[in-house]
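Protein chains: 2
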Amino acid sequence: MEREEGSRVVRGGVNKGISVFDFVLRLMGFMGTLAGAIAMGTTDETLPFFTQFIRFRARYSDLPTFTFFVVANAIVSVYLLLSLPLSIFHIVRSKAKGSRMILIFFDTGMLGLITAGASAAAAIVYLAHKGNVRANWLAICQQFNSFCERISGALIGSFVAMAILILLILLSAIAISRR
Amino acid sequence: MEREEGSRVVRGGVNKGISVFDFVLRLMGFMGTLAGAIAMGTTDETLPFFTQFIRFRARYSDLPTFTFFVVANAIVSVYLLLSLPLSIFHIVRSKAKGSRMILIFFDTGMLGLITAGASAAAAIVYLAHKGNVRANWLAICQQFNSFCERISGALIGSFVAMAILILLILLSAIAISRR
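So the sequence lines, in the order shown, correspond to chains L and U. The numbering of the first sequence is UniProt numbering, which starts it at 1 and goes up by one. The numbering of the second sequence is UniProt numbering, which starts it at 1 and goes up by one.
Warning: the hint list may mix true and false statements.
If several chains are the same, the list does not tell them apart, and a pair holds so long as it fits within one copy or across any two.
List of simulated lysine to any residue pairs, SDA-like, C-alpha gap at most 25 angstroms [said to hold, decoys possible]:
| id | residue 1 | residue 2 |
| --- | --- | --- |
| 1 | K97 | S177 |
| 2 | K130 | D44 |
| 3 | K130 | V160 |
| 4 | K16 | F89 |
| 5 | K130 | F68 |
| 6 | K95 | Y79 |
| 7 | K95 | I174 |
| 8 | K130 | G41 |
| 9 | K130 | F56 |
| 10 | K97 | L82 |
| 11 | K130 | L155 |
| 12 | K97 | Y79 |
| 13 | K16 | L27 |
| 14 | K97 | M28 |
Bear in mind the hints are in silico, worked out from the structure with no lab data behind them.
With the rest of the complex left out, here is chain L (with noise of 0.2 angstroms):
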């Protein structure tokens, strides 16, 4: 019986730690989605020369996918920011299996959202950067430089957050299966 109790205590810490784990991926993830909105959704270049009918103009918006980019980085941003509040419950109660179901539920589908903006938009920064020659689209970097910079560089905090909403899944699971 004693040792049955210490074994549940190891097991506790070690859910603890699974848990401060889990908080800390999820602030990361959190900045990482909305350093990633931000990025692409302030980006707007103007190029210098226009003539007398057209200011050549590139924004984020002129491509809806990168406009679904930005709208699935917000959401998963908000989510993180929200479930970090249930991350500090589980450091506290370690045992908690609920409330670990309802994450991993969500962190599935989150997973799915940021994965799906991050990839759709990473295919257009390829056609940008390269073009096509079957399709006949150009590559339009040569002209946009920065604002191809700017949309490169975005995608980078989506891609970290997707690596670490894998991670939280596992956890989450590792966590359940260990109680």
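With chain L's structure known, arrange chain U on it following the hints.
For chain U alone, kept in the frame of chain L given last:
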């Protein structure tokens, strides 16, 4: 003690039900991704008119994103097929825990892969249909009509597989927590 035994039997029954559902879902996901990979991988349209130098031909491999889509679908498809024996093992031994953790681990990775492939391809399919005025990318679907229908249809299987993988992760998590 007897009551606990009864509760265990009921739990085992529910877990068995979850495992059967898990098996059916994996089979559906396998067929969805296989169909997606085949539909995309065999896309090839040659236009009936040609100039002296050029035959107008559209293949999935003209766009690197579609190649990635086919590879991602093939990998997930093979994985889901290989995971079927483990799923059957779970129907027989509904209390298994470690092997369910392994499945959650790989399912989450595969969810990321299939979501990335499907979303990136969807972004390009959207461009092919609508084009983009600001970037001066023309819609290619006016010329390559059946090509566009194929690449749009191929996405469906992937998105179904995406939903299935999310469900599989949740089912495994529920099964582990019920143990």
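Hint check results:
1. K97 to S177: both (9 angstroms within a copy, 7 angstroms between copies)
2. K130 to D44: both (20 angstroms within a copy, 23 angstroms between copies)
3. K130 to V160: within (24 angstroms within a copy, 31 angstroms between copies)
4. K16 to F89: Cα proximity of K16 and F89: one copy only (10 angstroms, versus 32 angstroms across).
5. K130 to F68: Answer is both: 22 angstroms inside a copy and 16 angstroms across each meet the 25 angstroms cutoff.
6. K95 to Y79: Within one copy only: 23 angstroms inside, 33 angstroms across.
7. K95 to I174: Cα proximity of K95 and I174: in one copy and across copies (12 angstroms, 16 angstroms).
8. K130 to G41: both (23 angstroms within a copy, 23 angstroms between copies)
9. K130 to F56: Answer is both: 20 angstroms inside a copy and 21 angstroms across each meet the 25 angstroms cutoff.
10. K97 to L82: Classified as within; 19 angstroms inside a copy, 30 angstroms across copies.
11. K130 to L155: Close inside one copy (17 angstroms) and across copies (24 angstroms); limit 25 angstroms.
12. K97 to Y79: Classified as within: same-chain Cα gap 20 angstroms, cross-chain 29 angstroms, threshold 25 angstroms.
13. K16 to L27: Answer is within: at 17 angstroms inside a copy they meet the 25 angstroms cutoff, but 38 angstroms across does not.
14. K97 to M28: within (24 angstroms within a copy, 30 angstroms between copies)
Violated hints are absent here; each numbered hint is respected by the structure.
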